[in-house]
Structures are given as structure tokens and as C-alpha cells.
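Q: Quick mapping for you: the protein sequence lines, in order, are chains A and B. In this text, residue positions in the first sequence follow my numbering: the first is 1, and each later residue adds one. In this text, residue positions in the second sequence follow my numbering: the first is 1, and each later residue adds one.
Hints listed in this document are in silico derivations from the structure and should not be mistaken for laboratory results. Careful, some of the hints might be misleading.
Said to hold, decoys possible - Below, simulated DSSO-like cross-link-like pairs (lysine-lysine); rule was C-alpha separation at most 30 angstroms, straight line:
#	chain 1	residue 1	chain 2	residue 2
1	A	K68	A	K104
2	A	K68	B	K14
3	B	K9	A	K68
4	A	K42	A	K104
5	A	K42	B	K14
6	B	K14	A	K1
As the list claims (entries may be wrong) - Anything over 10 angstroms on all C-beta distances counts as not near chain A; from chain B, calculated:
#	residue
7	G16
8	N28
9	G42
10	L43
11	Y48
12	A52
13	S67
14	S69
15	E72
16	P83
17	N98
18	G101
19	I104
20	E108
21	G109
Note that CB positions come from ideal geometry on N, CA and C, so glycine has one too.
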Amino acid sequence: KQEVTQIPAALSVPEGENLVLNCSFTDSAIYNLQWFRQDPGKGLTSLLLIQSSQREQTSGRLNASLDKSSGRSTLYIAASQPGDSATYLCAVCTGANSKLTFGKGITLSVRP
Amino acid sequence: NAGVTQTPKFQVLKTGQSMTLQCAQDMNHEYMSWYRQDPGMGLRLIHYSVGAGITDQGEVPNGYNVSRSTTEDFPLRLLSAAPSQTSVYFCASSYDSNPSGNTIYFGEGSWLTVV
């Protein structure tokens, strides 16, 4: 059974810092890996999707990498801002019908 | 373009009552799904559908029923509510079930409390 782990559960950093959020998964037979952002009381917003054949994806200040063989992904946030404060979840797709297995998320707080 | 719309936003039920959480999308997506989010458990898949008339079970289907009569709508029914079903429920959709990758769109969530 696929398990997705995100450690630590919470992180607090000063504004402007570059930071890395980690995600690990137990079964490397994945179709894709996605990073989501969730604001309090809101739904999830897709940030980046990395297909199994890709190594990384970039969107603005965000860069996500994927190492399937080691079962790891990282989300890099450059020059963090208070508006980046949210919970970040990673999810892997291991089913032919796009079923996602989610990590529990990392709650990020960026201090002004 | 409203995306994925869930109703109601908040609901309190008594044990044993039934209700339906509504989900509608206006993006002509084939794939729709329901997740529940519980503290310390992450999101878990309840049921999903790859197209009108086709549904299947996810990780935690017990106590829930779904149907997909149209492309746009995917309601989730709680047959006899239990306190263990107190949770936040999210509906999601994507263009199709191609695992190579589709952006998944989530609704805003439905907060359900069963007393």
C-alpha cells in the first residue's frame, strides 16, 4: 500500500528565506506526483504536477523535483513571502484511474 | 466559469439521518471524485467516477453512496450518518482519468458534523 510522508508537520520561517518542503513515498511505481496548496477553510489548489518521466517542474518561485527511484520529491520556494503561508500537500498517483494518495501536509508560516 | 461547486458548505446532522452532499462542475470533466479530510489522516478517497454512469469505490467507501447520471453532477449520499463521518468533504474533478497527468480542481469543501 502506498504511503506518503511529509515531515515536518509545521514550519515557520522569516520572510525572504528560500525553503524546501520534503515528500517521500513508499512505492516508486507512480504515474505522477502533485503538489497542492490549501488555505485555511478552503479547498486545494494544484501548484505543480510532475509526470513519472520528468525530473522537475517550475512555476514562478516554485520548483518541484522528483526522484522516483528514491521515493522523494521536494518543493522549493524561493524568496518566501507571508502570502505563501498555507498548508502544502503532496500526492502521488499510483492508480490507472487517477487515484491519489496524499501526505498529511506541511503547514508553512512565513513571518514578516 | 465556476469550477467545482459544493453544497452545502456546513451541515449538522443527527446520528441516523441521511443527506446528500452536492457537487457540480462546469468544465465538462469526465473524472470526478470525493475525498474526506480528517485531522492527522490526510485526504482519503471515498468514491470516484470516470464518466457518466460509471462509479467505483475508493479507500473508504463504507457508509457512502454515489451515482453519476450526468457529466456535471456527482452527489455523495450518506445513508445513515454516524459520528465517525464528521469530517470535511471535498469534491474534485479533472479532464479525464489519464494517469499521465491532469490538473485536478477541488471544490471549497463541505464541513459535516454528526451529533
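Q: Work down the list of hints and note, for each, if the structure agrees.
A: Evaluated hints:
1. K68/A x K104/A: holds, 20 angstroms
2. K68/A x K14/B: Violated: K68/A and K14/B sit about 46 angstroms apart, past 30 angstroms.
3. K9/B x K68/A: Violated, because 38 angstroms separates the two Cα atoms, which is more than 30 angstroms.
4. K42/A x K104/A: holds, 16 angstroms
5. K42/A x K14/B: holds, 25 angstroms
6. K14/B x K1/A: Given that 30 angstroms is the threshold and the Cα spacing comes to 34 angstroms, the pair is violated.
7. G16: Non-interface label on G16/B holds, nearest chain A Cβ at 28 angstroms vs cutoff 10 angstroms.
8. N28: Given that every Cβ of chain A is farther than 10 angstroms from that of N28/B, nearest at about 16 angstroms, it holds.
9. G42: Contrary to the label, G42/B does not stay out of reach of chain A, its closest Cβ about 4 angstroms off (not over 10 angstroms).
10. L43: Check fails; 4 angstroms does not lie beyond 10 angstroms.
11. Y48: violated, 7 angstroms
12. A52: holds, 15 angstroms
13. S67: holds, 17 angstroms
14. S69: At roughly 19 angstroms from the nearest Cβ of chain A, S69/B sits farther out than 10 angstroms, so the non-interface label holds.
15. E72: holds, 18 angstroms
16. P83: holds, 22 angstroms
17. N98: Since the minimum Cβ distance to chain A is about 7 angstroms, N98/B lies within 10 angstroms and the statement is violated.
18. G101: violated, 5 angstroms
19. I104: Given that some Cβ of chain A is not farther than 10 angstroms from that of I104/B, nearest at about 6 angstroms, it is violated.
20. E108: Violated: least Cβ distance 5 angstroms, not greater than 10 angstroms.
21. G109: The claim breaks: G109/B does not keep its Cβ more than 10 angstroms from every Cβ of chain A (closest is about 5 angstroms).
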